[in-house]
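> Protein sequence lines, in the order shown, are assigned to chains A and B.
Taking our numbering, the leading residue of the first sequence gets 1, the next gets one more, and so forth.
Taking our numbering, the leading residue of the second sequence gets 1, the next gets one more, and so forth.
Keep in mind that the hints are not guaranteed to be accurate.
[What the hints assert, rightly or not] Computed list of lysine-lysine pairs in BS3-like fashion (alpha-carbon distance at most 27 Å, straight line):
no.	chain 1	residue 1	chain 2	residue 2
1	A	K292	B	K641
2	B	K641	B	K624
3	B	K624	A	K413
[Claimed, not checked] Selected chain A positions facing chain B (in silico; Cβ < 10 Å):
no.	residue
4	G85
5	L92
6	T96
7	L98
8	V104
9	D105
10	S109
11	W110
12	N294
13	A295
14	V320
15	D321
16	R399
17	E402
18	I422
[As the list claims (entries may be wrong)] Far from chain B, some chain A residues (derived; all Cβ distances over 10 Å):
no.	residue
19	R16
20	I38
21	R94
22	Q108
23	T130
24	A137
25	M269
26	K288
27	G306
28	K334
29	L344
30	D361
31	C374
32	G389
Derived from the structure by calculation, the hints contain no laboratory data.
Backbone N, C-alpha and C define an ideal beta-carbon position, used for all residues, glycine too.
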Amino acid sequence: MILVIEKRKESGELGRTRALQAILMEAHGLFTLFYGSIRALLLNSPSGDVARSCLQAFLPDYISDVMTVKRLSMLSSHSGLQERGTIQMMALDRSTALEVQSVVDLLQSWFGSGRIHHTLLLFQDLLVSTTLPPEDAAHLYTYARMRLIPAAISTSSGGHSLKKVLSRANSSSVHLKASASDITAAGQRPSPADSSNHHSQFFTPRPLQHDKWWRDNDGFLVTDAWGVDAQGMSAITPTVWLQQSSQERMKLVAYQHKQLTVVMLISVMHLAPNADGSHVLRNQVLEKASNKLNALEDRLSKEWGGINANHVPGYRYLYVDYDSRVSKASPAGKIATLTKDSLLSLDKVRSEIDIAKGRCDGSGEAQPYELETCVRTRSNAWVVVRIRGNHELYLVLERASETLLLTAEATEKFSRRHCDGIFASD
Amino acid sequence: MALTSSKKTRCMGGSGAGALSHVYLQYPPFRCNIPGSSKMMYDDGSRLLLVPSPDKMFSWPVARHTQSNSPNVTVVDNGPVLGARFSLDLTILAIQSSDCEVSFYNRESGAKFKQLCRSRRDRILGFFWTDCPTCDIVFVTTGGLELFSLAPRLDAVKLVDVRPLQVSWYLYTHESRLLLVASGMHCRTFQCYQFSAAGIIRLPKFDAGLKKLEANRKVTIGPEDVHIATMYGRLYCLQVDRLSMELNIYRFYRDAVVPQGTIPVYSETVAFSVVDGVLLVHQLASEVVLLYAIYADLKGPISAPLPLLIRGDSCFTMAGCESSTESNDILDNEDMRTLASSESNIYGENWVFANPDIILDQDHGIMWRIHLDLEAIATSSSDLPSLLEFLQRRRLDAAVAKELSMMVLCNMIMEKRPLLLISEAMDVISMAYSQFLRTRATLVIAKQPSARPQVPARHDQRKKAGKEDEKDVPVSDCNTNIIPECSDQAQKQSENVGSSKRMSNATVEQCKIAHEVVGIVEETDESAAHNKSENSTGSPLSISHNISLAVTAVSPEEMYHHVFAVIDNETDVDSSTLIAAIIQYLRSAASEKLNFPVDLQLLLIKLLTKEKRYPELMHLVRTKVLEPSKEVAKEMLQVGKSYQPVFMLGLNMLRQLSLHGDYLSEILQQGRLLEALRYARQNRVEAIPPSTFLELAAASQDIQKLASVMRFCLDFVPSFETTSEYQTYSAVLSQQKIVPA
Chain A
1 MILVIEKRKE
11 SGELGRTRAL
21 QAILMEAHGL
31 FTLFYGSIRA
41 LLLNSPSGDV
51 ARSCLQAFLP
61 DYISDVMTVK
71 RLSMLSSHSG
81 LQERGTIQMM
91 ALDRSTALEV
101 QSVVDLLQSW
111 FGSGRIHHTL
121 LLFQDLLVST
131 TLPPEDAAHL
141 YTYARMRLIP
151 AAISTSSGGH
161 SLKKVLSRAN
171 SSSVHLKASA
181 SDITAAGQRP
191 SPADSSNHHS
201 QFFTPRPLQH
211 DKWWRDNDGF
221 LVTDAWGVDA
231 QGMSAITPTV
241 WLQQSSQERM
251 KLVAYQHKQL
261 TVVMLISVMH
271 LAPNADGSHV
281 LRNQVLEKAS
291 NKLNALEDRL
301 SKEWGGINAN
311 HVPGYRYLYV
321 DYDSRVSKAS
331 PAGKIATLTK
341 DSLLSLDKVR
351 SEIDIAKGRC
361 DGSGEAQPYE
371 LETCVRTRSN
381 AWVVVRIRGN
391 HELYLVLERA
401 SETLLLTAEA
411 TEKFSRRHCD
421 GIFASD
Chain B
1 MALTSSKKTR
11 CMGGSGAGAL
21 SHVYLQYPPF
31 RCNIPGSSKM
41 MYDDGSRLLL
51 VPSPDKMFSW
61 PVARHTQSNS
71 PNVTVVDNGP
81 VLGARFSLDL
91 TILAIQSSDC
101 EVSFYNRESG
111 AKFKQLCRSR
121 RDRILGFFWT
131 DCPTCDIVFV
141 TTGGLELFSL
151 APRLDAVKLV
161 DVRPLQVSWY
171 LYTHESRLLL
181 VASGMHCRTF
191 QCYQFSAAGI
201 IRLPKFDAGL
211 KKLEANRKVT
221 IGPEDVHIAT
231 MYGRLYCLQV
241 DRLSMELNIY
251 RFYRDAVVPQ
261 GTIPVYSETV
271 AFSVVDGVLL
281 VHQLASEVVL
291 LYAIYADLKG
301 PISAPLPLLI
311 RGDSCFTMAG
321 CESSTESNDI
331 LDNEDMRTLA
341 SSESNIYGEN
351 WVFANPDIIL
361 DQDHGIMWRI
371 HLDLEAIATS
381 SSDLPSLLEF
391 LQRRRLDAAV
401 AKELSMMVLC
411 NMIMEKRPLL
421 LISEAMDVIS
431 MAYSQFLRTR
441 ATLVIAKQPS
451 ARPQVPARHD
461 QRKKAGKEDE
471 KDVPVSDCNT
481 NIIPECSDQA
491 QKQSENVGSS
501 KRMSNATVEQ
511 CKIAHEVVGI
521 VEETDESAAH
531 NKSENSTGSP
541 LSISHNISLA
551 VTAVSPEEMY
561 HHVFAVIDNE
571 TDVDSSTLIA
581 AIIQYLRSAA
591 SEKLNFPVDL
601 QLLLIKLLTK
611 EKRYPELMHL
621 VRTKVLEPSK
631 EVAKEMLQVG
641 KSYQPVFMLG
651 LNMLRQLSLH
661 GDYLSEILQQ
671 GRLLEALRYA
681 RQNRVEAIPP
691 STFLELAAAS
701 QDIQKLASVM
711 RFCLDFVPSF
721 ETTSEYQTYS
731 AVLSQQKIVP
741 A
């Protein structure tokens, strides 16, 4: 649907076709999250100008995020052990998992069934729990990681947003003028008072613009990326489209306490027209849930194993579960210790496998794709790949064993301990 | 869900069938019609009802729910009976016949002897038997305490110790082993001693709390204003301040007496009963009862003030004598007639409230026992988590309390009460159950028979029957186990205090530490006392009570069968509510480290599937909330038919659990033949015959596959060439001109 801007391969640069495709998939995912599917946009306005303006608003923002000085930033050497568009989960112990689930249930119960449709809970940049189906969860998670998590919020606390917060605190009118002029500069008309259902037709939100989210004193995250209301008194609550679960538009309300970010989705259909449920929600969260959420944050931060929580000594690995779009990998700091040779070999192996997989997909075989490969690289490292259906495991063992047998054993051990034995070879 | 033991209660007399009450007197009461007797006495040490007649002493064992049977008769000398108590092993009856003399009658040998009090100037106020190691019987005289022990041949008592003390009046309850002595001009200074199996503990003195000191200056406190209550194994002193209409509550610790606060009273005269740890304050003037559950802190009454009613339990009488229904009816009617005259006399003039839950109606020769109506309390209570807490603490009607608890939970979920409330309720249930597991574990340890040299030899001599043996061992065991640790801590504590030179006033914090220590002692005492009572009363009813003692706590399995499964069977229940409730329960159970029953896990899977919440289901599997088990795996495979990733998880679970047979049959169904062969060889699965593989291979129409399976069988199945399958399939292969060598 979206044109590909292919970049010429420079010598020695890594880049699998699949990895590039993943960028496009992600861009498409985010686009549909913000604006709904392009098909729907075209159906609503056959002339295509709405779709075009959406794309125009979205793509530059997205590309500016992915590019760093004319280079696709993701095509660094680490990409071999990373998978774009997947979710990184926080490892939870059984009772904590139940605690999380219970808080989520409580949160949903306080607003009557059907009000909060879904929640997404993040601790730092890790997903703790979600009620969304994998696809939608992955899109929303990607967005939350880009703009909503504490790290994304705090880095944007430069002069610009500080001024914003200040101007908000002092007099909202100053800030409103500023944002209105922003919008006109972008070639759009500020939204008149309209039914919120067709809001996006008049104003194209730019959710990926930098420094558009900030944290209110009460812990809620606010943005004016979706515009401001007719009176110019407050920012409009962002809305997103869910694709997989219900093809429905949802209001997005986010609450943050220290490292914990809670994204709540309220169904627009269940709200009375013109009513903004988020205010009610905000009051109730503050009144009832904040204690629970604070306690949960405490518990999670105690349980969090630190930045190297996922590190397994001796292994550099990537484990992807495409069923639930979850991946688990060695921390970036540890991947950086690998030699460039090993990473290049891994990249080559992966691109070979991508092609093989593509062939397999095309043949339409019913049986799940299975694969086991061990490759000895020039620098005496081993690159191990194991695929079982939608589960993939990539390992780079640099100082591991000398023999194939020992490598296989090390892989078995890893699979048993860290992947529930999915990749056992029999 | 219906209460299986739902009581068909009928109210007697004029109070009407619809009258409400939270406590009731069990009809029929115990009656004694001894000619010439005017007095009933309840001996709480031996749990006997004693009725003296001029030359005999009649005694009935008092047990919960037991009917009157023929009394034991002890022949005694003619004379006044000021007080009477049986020794704890029931062999010796002691009767106080005058101010200075106590007579002893050995029921077994028929021996008689007397004991005067030490000094002529003192009067004996009363006496009691004790099981503390230093003495057997204690006389309380106006001049102090006189401690006697029995001679080895049980024909005399010998003075062991004297504690000089000015005594105006005293209170003693055997349940608490606590003696409270009042002294001073207005009897406002209280001194307490505990005659426990660990020895005699002297507690610090304390003064009665009276507000409005000016007006109260001349008020003398009498024994009717003070009450020793044992609630949940803790000892309290209740003292009425009549002028300010308040009840002061003190709690006894080993080294302190700590005021707990006050509760208002609404009547000039009040009486107290304790039923199953619940304090009943009878407001005699207004003839209502207020119930207080004093556990953690003082709260208001647990229910509205309602009168005390008399109730007959039709279930009881019918179950009691089914064979002789007619005669029973006649008896019933008779009872009703005699009751009719006295029944208007609730809170009559001559009612004596004996510790803890006995009421003696001296006028009519009737003994009542007070019962809690848990059902009524449950229906009238609105704070459900507190109600559950209350129900979970019941020990007497444990079965009823348990069923009520489960019913309350069911209703909460079905009525879609706020989830937070449900969550709190689940916490209560899980905590009670894990508490139960812990106490059971300690009881099992304590009950293990072992020779204990610490038990004094004298103690052993006194034990006559084997039954007696049984009932005494737990007490001494518990105490010998606990006391050293306790005194250690107490010592440390006093050292600390000494070093900081704040010896004089025990601060609240210290009391809290002491509370922890003494609390253990007290509670084990209490549980031991329970054991004792159960062992000593041999009737089948109290044995069933013994079993039910343990079962207020609701186990996870019962939660499934009696709560969640029941709700699941209702048609109009929202699955998401039930899911949320189950999650809340699992959370509370996990925090108490209880196991999750498989059935409950299966139910959760079923409900999540019904709601199509597959991602959450998978999340629960991954975080091991749904534990790997064969049942769960099978259910997942079933569910997985509509959602492939769940299927994969289930398959992997089978493999993780090494359920080779099930795993193989699953992958064979998928047609993954070669993988299955490899797996079978790797894990040495021999349950599946080669023919299965060969048939599947042949059915797949893939001649190569068939050849591979053939090859495999030839290589790894011993003497495969001799089987008929070899013949059949090699023929098939040779047709295709592929013959494995």
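> Does the CB of G85/A sit less than 10 Å away from some CB of chain B?
violated, 16 Å
> Report holds or violated for the interface hint on D321/A, using the least CB-CB distance to chain B and a cut-off of 10 Å.
holds, 8 Å
> Per the stated criterion, does the least C-beta distance between M269/A and chain B lie above 10 Å, as a non-interface residue requires?
holds, 18 Å
> Holds or violated: is the Cβ of E402/A closer than 10 Å to a Cβ in chain B?
Interface hint status for E402/A: violated (25 Å vs cutoff 10 Å).
> Is the interface hint for I422/A satisfied, with its Cβ closer than 10 Å to some Cβ of chain B?
holds, 6 Å
> Taking 10 Å as the limit, does the beta-carbon of R399/A come near enough to a beta-carbon in chain B?
Hint violated; R399/A Cβ to chain B Cβ min 29 Å, cut 10 Å.
> Against chain B, run the beta carbon of L98/A and see if the smallest gap drops under 10 Å.
With a minimum Cβ separation of about 4 Å from chain B (threshold 10 Å), the hint on L98/A holds.
> If I take the minimum Cβ distance from I38/A to any residue of chain B, is it greater than 10 Å?
holds, 26 Å
> Given N294/A as an interface hint, is its Cβ closer than 10 Å to any Cβ of chain B?
violated, 16 Å
> Between the alpha carbons of K624/B and K413/A, is the straight-line distance 27 Å or under?
holds, 20 Å
> Can we keep the S109/A interface hint, with Cβ of chain B closer than 10 Å?
Check passed: Cβ of S109/A comes within 4 Å of chain B, closer than 10 Å.
> Since T130/A was said not to touch the interface, does its Cβ keep a gap of more than 10 Å from each Cβ of chain B?
violated, 7 Å
Comparing the model with each numbered hint stated earlier shows that hints 1, 4, 12, 13, 14, 16, 17, 21, 22, 23, 24, 26 and 32 do not hold.
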